[in-house]
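**Student:** Each chain, written out:
2 protein chains.
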Amino acid sequence: MQPVFKIKTMENHKSLCPINLALEVFGDKWSLIIIRDMMFEKKRHFRELLQSDEKIASNILTDRLAMLEREGIITKESDPEHKQKIIYSLTLKGIDILPVIIAMGSWSLKYQPVDPEKGKHAQQLAEGGFELQEAIKMGLAEKHLK
Amino acid sequence: MQPVFKIKTMENHKSLCPINLALEVFGDKWSLIIIRDMMFEKKRHFRELLQSDEKIASNILTDRLAMLEREGIITKESDPEHKQKIIYSLTLKGIDILPVIIAMGSWSLKYQPVDPEKGKHAQQLAEGGFELQEAIKMGLAEKHLK
DNA sequence: ATAACTAATTGTAAAATGCAACCAGTTTTT
DNA sequence: AAAAACTGGTTGCATTTTACAATTAGTTAT
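So the sequences go chain by chain: C and W.
Numbering of the first sequence is given in our numbering, commencing with residue 54 and proceeding in unit increments.
Numbering of the second sequence is given in our numbering, commencing with residue 54 and proceeding in unit increments.
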């Protein structure tokens, strides 16, 4: 029996509904935390991402980084200056998750007991509107895309 | 030993960051599917919600509905005309999750293999802008809020 | 050479999810 | 009035995911 080609377009999605397809990529407790830290805390290394307030476990972080890379949300490359260091970057597909994060932040500001200090970015982004959002995307693109 | 009051403001949140606080409510594979069906498929009963393409299990649906009620996203009431029927409604807090769902839909339309039929709502909402979004919220408020 | 740091991996326990069958009431059908 | 079908669930069990702590091989700094 020969190994069989996996048909890419027939991946087992629960459905092809847009909401479900997004949830299958970042609909869990950790993926958006990682993306948030890369976007707003400028974290690019494993150890930095491990340090969040939410205390992600290292095996879960490893798993999510691999998944996000498979899904084309991030890329990884080893820093040639420091062979042991791996630098993680957002792709355009990853940067474009920003509006989702902003919408979630706005909702929490309205309904959840947000720590004002932690909510600074969300506050600014809720007020800054479309222009600020685009400016942030530009900044991220400059730092993360080659 | 007397039962002790649970201090509401000290609930064990992983953090008080807005992104995390939103994820703690609907950052799982099912909650937004349920909310989507209530918003766009006009589902209001247990059996209807059980029928989604994604095939949620009945015990998980029971669990999520109870959680969403605890979190103030939905309410439940028994239809006095049909004693066995329970009708689920969105609260304003629940209706205000719409922008998150729209942002996720737009992202999927751009990057994921969305079935055009399933993506109709997302397509319209991406094009319709703020006005359409507000109109939909008004419609939901009329049907779900008393 | 030693110590400290890197991105992980491993082992084990706990929690969440999936699946199928079942259930007690409530209507509907016959 | 009985039987059938429908309601929102519950139960038991297998699988999967997550949490937590300790450990690791390779790399860099002292």
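Do not take every clue at face value.
Copies of the same chain look alike in the list, so a pair counts if it works inside one copy or between any two.
Cut-off 30 Å, straight-line C-alpha distance, at most; resulting in silico cross-link-like pairs (DSS-like, lysine-lysine) [what the hints assert, rightly or not]:
1) 136 / 171
2) 136 / 163
3) 146 / 190
4) 96 / 173
5) 146 / 108
6) 136 / 67
Since the hints were made in silico from the structure, they are not lab data.
**Student:** All the hints need checking, so say for each whether the structure fits it.
**Tutor:** Results for each hint:
When the C-alpha separation of residue 136 and residue 171 is checked against a cutoff of 30 Å, the pair qualifies neither within a copy, at 34 Å, nor between copies, at 46 Å. For a Cα distance limit of 30 Å, the shortest separation of residue 136 from residue 163 qualifies neither inside one copy, at 45 Å, nor across copies, at 36 Å. For a Cα distance limit of 30 Å, the shortest separation of residue 146 from residue 190 qualifies both inside one copy, at 11 Å, and across copies, at 28 Å. Only within a single protomer do residue 96 and residue 173 lie at most 30 Å apart by alpha-carbon distance; the minimum there is 17 Å, versus 37 Å between protomers.
In this assembly of identical chains, the alpha carbons of residue 146 and residue 108 lie at most 30 Å apart whether taken from the same copy (26 Å) or from different copies (28 Å). When the C-alpha separation of residue 136 and residue 67 is checked against a cutoff of 30 Å, the pair qualifies neither within a copy, at 40 Å, nor between copies, at 33 Å.
Checked against the numbered hints above, the structure breaks hints 1, 2, 6 and satisfies the rest.
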